[in-house]
Amino acid sequence: MTRISGWEKALRYLLMLAVLGITVGPFLWQLSTSFKGASEDIYTYPPGFLPEHPTLGNYSGVADIIPVWDYALNSLKVALTNVVTNLVGASLAGYALARLRFRGRRLAGLAFVVALLVPLESVVIAQFTMMRDLHLNNTLTAVVLPGAVGALNVLLMRNAFANLPYEIEEAAVIDGANVWQRFLRIALPSVRGTLAVVAIFSFMGAWDDFLWPLIVLSDSDHFTLTVGLNYLHGTFQQNPRLVAAGTIVAVAPLIVLFACLQRYFFRGVGEGAVKG
Amino acid sequence: MKQPSVRVRTHRAASPWLFLIPGLGVIAAFNLYPFLTTVRKAFTDARTLTPGSWVGLRNFQDMLDDDQFWVALRNSGLYVLLVVPFTVLLPLLLALLVHKRLPGVTFFRSAFYTPVVASVVVVSLIWVWMLDDRGLINGILRFFGAGPVAFLGDEWLLLFSAMALTVWKGLGYYMIIYLAALADVPRELHEAAAVDGAGALRRFVSVTVPALRSTMVLVGALSSVAAFKVFSEVYLLAGPTGGPAGQDTTLVMLVQRTGTGLSGRVGYASALSLVVFVIALLLMLLVLRADRKESAS
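Line by line, the protein sequences give chains A and B.
Residue numbers for the first sequence follow the working numbering, beginning at 1 and rising by one.
Residue numbers for the second sequence follow the working numbering, beginning at 277 and rising by one.
Excised from the complex, chain B in its bound form:
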């Protein structure tokens, strides 16, 4: 900002836009424009091969009568409710475990990150094999005299297994976010609390948690949006049709199933997409707002 006069003369008026064309072009063509298309088509009865015509709010009315929609909304909502508490808490505990400087601790940090690097398809297939009726987990259960459990045969067990997979895959990612925040917590706070005779649990609740609150909110916001949009884990564990009687379909799975293929109901799928967009945005705002209110009080 210091020397505008010099810099203005050194480039012609056109060149900033030459810099921006590739980036803006891609964003406009493949992100913003498709979004406008989605909004427009949500009010039509378009199909894959026909452009369709205006039907007003009919797609949204159809949604209310669509059992599949309610199942999918329930599953995606449950995903947020049950996954987010674990992705906020477990990675924090993990970060506390590896943030002390001990020999070999960097190795453990990197190792804990491995599931993040792997494709969700790869880890889902690994889990399918582990959760097999005669797989590793049932082998371990049998050692303790339990099981076998048909994890992938029951609609609820399947959904819970997918949730566990999501939490597991995110552990390392959110751990790194917490580690960065922990580095900024003043050590003196802990020491003062320790001198005052506060035990480890007490120090965690009254020193660590308040200092990391904004990071916990950030992780909560990121993971709620991610959990609501869940697709791959459930698709791979439950199969394209969404498990027993389609009871494990999530909202994005429903979008994918409804809107693609030669007979895809593009209009209806666009309306579903809008619902995904609005709820994801609301979730983000809700979590961030809760943070502001709490810090105000």
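Bound conformation, chain A alone:
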């Protein structure tokens, strides 16, 4: 072990505190702004970090201007649907690619790799005209569909299944289990970690997505939170307290989720980066 001198330790903590201020400080500043009442001057100099009279008024205030809770519900619907479709679609396809032998397997695998190379930004216009032709534009269904099964998730699941030892399935084969039984009872429970990664990143991706919902949703009744916040920002930006309350509503659920499930977030970065 190399020893760390006292000076180095102090310097490291000092630097870490500085970076903490830079990375987390802005969120705390926003939280503080969201609790400042209408009578409190938010432009004071020097800037006041603690609200003088903390109030939840901005949270009800923002709900009077845009239906922020309905938007949150829309985002939740989209995100949860995205989780379910990705878990089902990616684990099924990943299992077939990793464990089943059939003609055309390589080609099927290649289709997912090619899909990974096409940036979403370069197909949004075609997706938009397609949704219009299907009369789905301006619906939450249209928001969900293009990301319903992510190519990266399929490849992550394929790798997870491919890394399982064959022996555990061989025993089941001898016992006469068919392919569906093996998939559901043996393979799936063995890749819970990767399933958690896929679930979390599907949730986060859908909850945070902006470009596609912005393009496909035109009626403010169907907005998701990100599109709703953009609208709020464009129309009421003269009141930063309300915008602050809206952003806190949008970010709080993810921070809670992250606090509870950190290791899966970190694992997802590692696995996604290597494949992506």
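Just so you know, these hints were derived from the structure itself, not from any lab.
All C-beta atoms, glycine included, are put in the ideal place defined by N, C-alpha and C.
The reader is advised that the hints may include incorrect statements.
So, partial list: chain B residues that the calculated Cβ filter (under 7 Å) puts toward chain A [stated by the list, open to error]:
| id | residue |
| --- | --- |
| 1 | PHE295 |
| 2 | LEU296 |
| 3 | VAL302 |
| 4 | ASN307 |
| 5 | ARG323 |
| 6 | ALA387 |
| 7 | SER508 |
| 8 | GLY535 |
| 9 | LEU538 |
| 10 | SER539 |
Given the coordinates of chain A, work out where chain B should sit on it, guided by the hints.
Frame of chain A, contents of chain B only:
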């Protein structure tokens, strides 16, 4: 691969395709097919409400005469040039800062990751408020006797602010990638260098950087493609029309603005989309190729 004979008999020929239908269906319908549509429409004068007809290369010729296109290409290109060096270097330094086992270090790691978890819309709106003429940053500047600076009023300051935001939001993400790679750097290398009397900077340049080179290339490739496709940060800081006189429009913003709405020029937007696709792919190949050449020499 060991027991094909047993496994082949246990599933009927149809079942692998039953497993694949949902995934392949979505990918084919919403990814591969739209891509083919994009290629086809790039050579037509299609609009939102009319299918359009074949116009050959006219969309691409129009692009050459389109000032907005050149502005957007310049901005997206500058984004790559100015953002990528920081996203390759700063997260590496951050990873070095938090990879030593000190009490509380896992808390700092998680905290540094917070901006990654938040939606880009949320962090952009936080930054808009901080960069306000009378916002937090100008308050701090005033403390040092400077400012106020109208960050969001000037086309260049606005673009640089958006770039800073992109770098800031990516810090935690790329830090985690570097931390995973750092765990694989043999400690003995560092110790041997330290015994030989190499200082911290010298060890960083001659031990850490070579050991992490392939990870730096990976981060460079990922962040160049991401930077080139930038949309949300600039859209939110500059507004839908792209800042003063549209001078802060990026390529993807131009695609979005041109191709949507009732009078959207779908054909022209598809041609722009193709340009985005080709350049993103080239950037990826370029960075990866540079890596191979360097490791060969």
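Cross-check of the supplied hints:
1. At about 4 Å, the closest approach between the beta carbon of B:PHE295 and any beta carbon in chain A falls short of 7 Å, and the interface hint on this residue holds.
2. Because the closest C-beta pair between B:LEU296 and chain A is about 5 Å apart, less than 7 Å, the hint holds.
3. With its C-beta approaching chain A no nearer than about 4 Å, B:VAL302 sits inside the 7 Å limit, and its interface hint holds.
4. Proximity of B:ASN307 to chain A holds as hinted, the smallest CB-CB distance being about 4 Å (cut-off 7 Å).
5. Nearest Cβ of chain A to the Cβ of B:ARG323: about 10 Å, over the 7 Å cut. The hint is violated.
6. Taken as an interface hint, B:ALA387 checks out: its beta carbon lies about 5 Å from the nearest beta carbon of chain A, inside 7 Å.
7. Nearest Cβ of chain A to the Cβ of B:SER508: about 5 Å, under the 7 Å cut. The hint holds.
8. The criterion of a C-beta within 7 Å of any C-beta in chain A is met by B:GLY535, whose closest approach is roughly 4 Å, and the hint holds.
9. Given the 7 Å rule on beta carbons, the hint for B:LEU538 is violated: about 10 Å separates it from the nearest Cβ of chain A.
10. Interface hint status for B:SER539: violated, as the beta-carbon distance to the closest one in chain A is roughly 13 Å, over 7 Å.
Checked against the numbered hints given earlier, this structure breaks hints 5, 9, 10; the rest are met.
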